[in-house]
Each structure stands twice: as C-alpha cells, then as structure tokens.
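K.L.:
Chain residues, written in single-letter form:
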Amino acid sequence: MKNKKNLYTLISIVLVFLFLVYANKNFDSYQIRIMNLCAIYVILGLSMNLINGFTGLFSLGHAGFMAIGAYTTAILTMPLAVKESNFFLAPMAAPLNSIVWPFVPALLLGGLLSAAAAFVIGAPALRLKGDYLAIATLGFGEIIRILITNAQRVTNGALGLKGIPDTTNIWWTFGIAALTIVFMTLLINSSYGRAFKAIREDEIAAENMGISLFKHKMLAFIIGAFFAGIGGGLLGSLLGTVDPKPFNFMMTFNILFIIVLGGMGSITGTVISAFIVTISMEALRVLDSSINLGFMVIPGITGMRMVIYSLLLIVVIIYFRRGLMGTSEFSWDKAFEFFKRLPLSKGGAKNAVTKNK
Amino acid sequence: MPLLKTNNVTMQFGGLTAVNDFNLELNDGEIIALIGPNGAGKTTAFNVITGVYKPTKGNIRFNEQDITGLRPDQITNKGIARTFQNIRLFKDLSVLDNVLIANHLNVKSNFLEASFKLPRYNKEERIMREKSLALLEKVGLVDLRNEKSSSLPYGKQRRLEIARALATNPKILLLDEPAAGMNPKETEDLTLFIKQIRDEFNLTIFMIEHHMQVVMGISDRIYVFDYGVTIAQGTPHEIQNNPKVIEAYLGVSEDA
Amino acid sequence: MTFDMLLQHMLNGVSLGSLYALIAIGYTMVYGILRLINFAHGEIFMMSTYFAFFGIATFKMPWYVVFVLAILLTGALGMTAERVAYRPLRDAPKISILISAIGVSYFIQNLSIVLFSGRPKAFPQIELFTGMLKMGNIYVQRLTFIIPVVTAVLLAALIYLISHTKNGIAMRAVAKDHETAKLMGIDVNKTIALTFGIGSMLAAVGGIMWGLKFPQIAPAMGIMPGLKCFIAAVLGGIGSISGAVIGGFVLGLGEIMLVASLPDLTGYRDAFAFVLLILILLFKPTGIMGEKISEKV
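Residue numbers (the working numbering), protein chains in the order written: chain L, 1 to 357; chain S, 358 to 613; chain D, 614 to 910.
Heads up, a few of these hints could be off.
Okay, the calculated beta carbon distance ranges per label pair [stated by the list, open to error]: (1) D/R785 / S/K601: 38 to 44 Å; (2) L/V286 / D/P733: 25 to 31 Å; (3) D/P733 / L/A123: 48 to 54 Å; (4) L/A123 / D/R785: 32 to 38 Å.
Keep in mind the hints are simulated off the structure, nothing from the lab. All C-beta atoms in this analysis are idealised placements derived from N, C-alpha and C, irrespective of residue type, glycine included.
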C-alpha cells in the first residue's frame, strides 16, 4: 500500500511537471504571469501560515519582510546602466552602484536580510501576545516601508526601481514553491513543528513542558520572514519594478486572506487557496475595469473587487472559520475516502452500506 | 539537604497576599500534599515554584541551586514538571503528539537537522517515540495514541497530563488536584498509580488535593494553607488531629 | 525657534492631540469591553467625514443639522459593524474576531472608494470654525481652540456617563466579566452595542473636526489616524479613558514637536508613532494608566 501511494505521488508530480511544460509553451504571457503569481503566493502563504497558523502568532508585518526581499533582489541584480538611469534624483550609494549579483545569491541574500530584520523585530515584539503583537508587527512593517521610502540613495525612495531583470519564469517560481512546500512539510512534522503547534494550542502548557517560548517563536518568525523575503524577491523580478507603495498593509491582508481561506495551520489548504485567490483575484479584475461587449460598454467600478474580497473574508471567518482544510492535510487515504463517498460512484454506495453493517 | 526548599516565599498581587512566607521542604522520594480550602493560594504556590509567577519575596532552591525567577521552561529543564488543575492539554493534537512535545526539551538537533531528517535527529526521534509509547502504555492510553487529546474522557485526560509531565524526565512532579472529578474507583486507582510512578521513576511528588482519602492514604507529610498562610504541617496523623486545621475547614463554632 | 513659533506648534500639537484623544477613546472603550482592536474604527472615523460632506455639499443642509446627523449615522454604523461582524464571533478564538475586524475595515474603505471614488474631496469650510484669530504676532484658526474645548466637554460627559449612569455602570460591569454581568441581569449585547455607538460617535466628532482642520477627505484617510490613535490608546493604557486622552496628547504634541524641531525627520513623521508604540510595549506594556491583565493558570 505504501509503495502504491508513493507511486501515486510520483505520478502526480510528473503530471504537474508535464502541465507546466505545456503551459510554458502554449499559455500567453498574461496567463503565465498569473501562474507565476500563484506559485509566489504559495510561498508567501506558507511563510505566513508558519508564523500565524502553525505557531499561532498573530503577525501582520509580512509586507515589510517581502519589501526587504524585493528590494535586495532588485538592487543587487539590476545592471549598472539601469541603476544609473533609475537614480536620476540622487546617485546611488556606493558600493551598490557598482555591483551586480546573479539572481540566486541575490534572492538568498534577500531572504537572509529579511530573516535578520525578523530577528531584530522579534526580539522586542515576540514578548507581546495576541493583538499587541499584531499591532506591533504591523507597526514594524510600516516602519520598514517608511525607511525604504526615505533611503533615497539606496532604494530610490518613492520613485521605486524600474527595469529589474525578469529572471523569474515558471521554473523558478514553481521550483521554489515546491521546495518551500517540501521544507515546510518536513519542518512541521519534526519535533520543532510539534513545538510550534504546542505553542499555538496553549502557551502556558508548552512553556511548562520545557519549550522556550521565545526561542521557538523567534525561530518560526525568522523562517517565515526568510521565505517572505524570497517570495518578495521573486515578485519584484516578476513585475520588473518595485516601489514602496504596494508593500503596505493591503499586501499583508491578501496573504492573510489566503491562509484564512485555506485553513490556518494547513499546508495543503494554503497551496490550494493561493491558487484560488490569485486566479479569482485576476478574474474579478473585470469588476474594476470596463467591459466592452461590442454593442455596449459596462463601466468598471474601481474598488469593487476589494469590496467583494473583504466581504468574503468576513463571511469565511464567521461561517467557515476553519477554512477549506482547517488544520488537516492532504493524504492519499483521505483522497480515496473522499472519492468513495461521492454519491455518483457505485463503489461508494456499496461501501457505505457494508460499513454501516 | 532537601531536594527542593522554598525560603519565606511570598506572592502578592496588588494588595492581596496569595502566598505568605511559605517554607516548603521536599526530600528525595517523598510524597507531600498541600491542602486547604478553595482560594487558599495552593495553585499560586505551584505557579511560583514552576516559574509562572516570580515571587514577591523569598527564594526557591532546587538541588542546591537557586531557581528563583527562572522561566517555566528553564525550571522544567532542571527537573520539575507539573500538571494543571484545569487540564491544559494541546487539545487539537493527538495523544501521542502531546507526549512527544514534552520530549522536545531533550532534542539536541537543530531545526535544519530535524527538517532534513539527518541521522542524529532520526535517532532522537526514534528514542522519543519509543519512550512516549512506553509512557502511554503505562497510563493505559497506548491504544488511543492517534485520537485527538480533547476527545478523551476526563479521567483519561488527567492521565495523559501525567504521562506528558513524566516525558520531561522530572525529579519532582507537581500534581494539581489529580483526583478532581474522579469517581471512588478511579480515585483508588489513581492513589496506587501515584505510588507506582514515584517508585518506578524515582520521583518526589508534591500534590494539591481535596480528596482526603488520597491525601491521607499516600502522603508522607502534609502542608495546610489558609489565606496563603501555612497553618499546619506534619504527618497525616498529626494533621487530622490539629485543631487549627479543623477550624480552617469547618469554621469556628461559637461555643468552642 | 522663536517664542511665537513655539506657541504655534504647541497650539497645533494640542489640537491634533485632542483629535487623537477623541478617536483613541473609541479604541479603548471597545478594547476594554471586548478585548478587541476594532480595526474598523479608522474607517468609521473616515465615514463620518463623508456623511458631513454630503450633508453640506450635496444636500445643502445647515452645518449644525448635518453635524448631528453625521454623528448619529456614524454611531449607527459602528453598532451595525458590531452586530454583523463581531457579535457572531463572540465565543470564537480572538484571532478570528480580529480578522473579521480587518475585513470590516477593508470593506468600508473599499466600499467608499466604490461609492465616493478614490479621489479626495474638499471638505466644506465653515467660517465659524475655520476663521482666523490674531494672537500677538501669529494667526490661529478658531478650530485650534474649539477642538480642545469640545474634547474636554465630551470627555467630561463621558466620564459622567460611565461613572454615574446605569448604562455606564453596566459597561464597566461587562468590561470586568461578561458572564457575571449577565447573571446580574445586564443585557450584555445591548451594552456592547452601546459602547460601539458611543465610541463611534466620539470618532465622528473627531472626524468632522478633522475635516475642518485638514479639509481634504479620501477613503484611505482613516488608516493612519486609526493606527496612531490605537497607539495613543496603548500608550495611555488600553481600557483607560483618561489614559487614551493622555496618550492622544502625547502623540499629537510629540509628532508636531518632532517635526518642528528636527525638520530633517519630516519623512519619518508617521514612524514616530510606531517607534513610540514599540518603546512603550517594551518598557511599560500596560501603558501610562493601564492595569495588568494576566491569564489565569
């Protein structure tokens, strides 16, 4: 049975791979961009779920960590000529104006700097609990954004950076998303993952079982920030431009929505929900822009998309608090069970009857 | 030297003195009970010993080391484990996970070794699984290891809490009302069980309990609290005949 | 810095501080009773300015009628938000209700983009409030004096309400313990709704005066004051009304003085509040006037 399950897993991986090959060849650039966004949101969702869902820390500073990753990757990978044309108000600070790094080291450094920022922020903030932590991390996220806006000679301030090399493609985003899924799954199922969940369930009991709250909260916070930095770096490279504006609370809100919908504390849920949210977010874009039907034009309503989103968030949290998956994960056994229970399948009905006896 | 000794430990909350000049001595291998009416400050005394609260005054020595003001996790690491009056299991997690978590303090591997399942971690994981299953076997929960801990009946939850505390390898075990909500049969079993784990794990046990049957049956010595003050201490026999204790429990009669 | 400039900045700081105080009271009252950061409070504040704007600019009603209507409507909005998005989650984990609050905040903000467009609107100027007074060598808006006076009057009324009326006592009882308050015959839901109503109406007074003082209103205008006033509430000691007022003044004065004395830091003006928040959380998490709330073990 175990071999069989491994086989299924292998087949699924091959199928996903083949789909990506197909998509890469046949999808248009807009569709590929959405695919890339989906994968990046998987990374971002998982990174936030580790902190908020698995460890139970209500942190709202994610956009700040992403900004650090995005700016680091952008600044380090931009060709010198592009740097010069970007920084027309004030020249870029040395030595940044004369170095160009390859993509991977730049991305990694983005993750590491973001993790370092998490360490600095976490040292005071993780002593706080619940909503105090939420507001403090939100504040730190804003401080990071304000610092970036004011560091004219490093980040080009409010003008942002344009012409970031578009190294990102489907293989980078899905490759890194896959690595993130694998790493998070392994981490969560290790003794450290259990310690994180213990903290989420009951801090006082966890601490009395010998788990250092500060050390483990910090660990989850730093690892989460690392992946948020990586996700931010990929995002910058996908969009080709970064500026401080989008890294506001709205960005954190989007990722929060993904993990709430997927289930706080479920890797499977986050992955599924990252795809659903990203794709539907794009699909709902029609609400914001006008639609030309040939014979008539339906005017778009700016903001309508976010109205629907925020409404959905409230509905999900009130009526489906556990989201799609709660804290459960995908397994082949559960998948078979699910298909057997579908009324259309004959085996299912029979099975149900025999089970009842 | 006693294994654990508190010197004039006092805990105040604002104007309220919940524990007043508490002088506890626990010797190796003893079973000691702390009794007293509700609100007498017994659980607060536990919370001070386990580091949940820092005492306002006094100090706590364990194994000839000053442990006053250490964090709960540090104190557990030194060898003092506890259960809770209002059961604090990791509700959403399985019975086995609850016990495994209490083994985490002995994990030497870092998170990368653990995530990538490197040999050192694999060995640690195997050992902690074996140990946890053995503990669950001991408390009779091994068949329920994959159940959600919150789905267990009350009495079994209490046993799971004890198993979890034992998994931290304690020298001293603090039990906060272990027999609360148990029927007479369960209470009797529990009394035997406490003795049994004391012998098997070389424990010293300090417990808060209201069931006099348990307290008088297994305690070597008893401390009696009233309004945070230690009004009596001694053997079960001495305590049963102490007028102050009778007074605290039954109130003073007018003509006495 | 000349004495006149100093005076000017002081006056600005006091009036900004009074506005912060009015908004911070709403946070502190709701937190005191529900242990919830009402993320939507900044948006409720924003809506009050739109209510006033439409009353005056579109419906051409006299300003005093509009102000009363706007305050009442804002109170109703706050109570509706509580009824729809918070009450169903009363027994849910705290994180759920916080997420719901974030949802409400974004819902109101985006709905107002849809309804009123994202472009800022010019808030009507009312000579009685916005006219200038000459004080020695400086000119000061009348509002600069009106705002602190209004704040002081409302604060006195609120303190009277909380300490001397039946509803006020019910509020304090519910803040201490929902269950016990219920057993004592207090209608907990009604009391919570009333708390939201009062908090929102105070925010509305703040919002209208904000609109007069900074006459440009936009759907996103509630975010920063919202966050800052929450910080003011934490600074003063969350749950304490006098604390919220002190916090509001510290923040308002501090911000103005910082920018006035160190103009190089103007870009960091908004960061000041957050730095202050983090410092207070580190060194005195209960705030200036707050009491310690610890979990029972």
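K.L.:
All hints are to be evaluated individually against the structure, with a verdict given for each.
P.N.:
Cross-check of the supplied hints:
1. At roughly 40 Å, the beta carbons of D/R785 and S/K601 sit within the given window of 38 to 44 Å.
2. Distance hint check: the CB atoms of L/V286 and D/P733 are about 27 Å apart, consistent with the given range 25 to 31 Å.
3. Checked against the given bound of 48 to 54 Å, the beta carbons of D/P733 and L/A123, roughly 39 Å apart, lie outside it.
4. Look at L/A123 against D/R785: about 37 Å separates their beta carbons, and that is inside 32 to 38 Å.
This entry does not satisfy hint 3, going by the numbered hints stated previously; all others are met.
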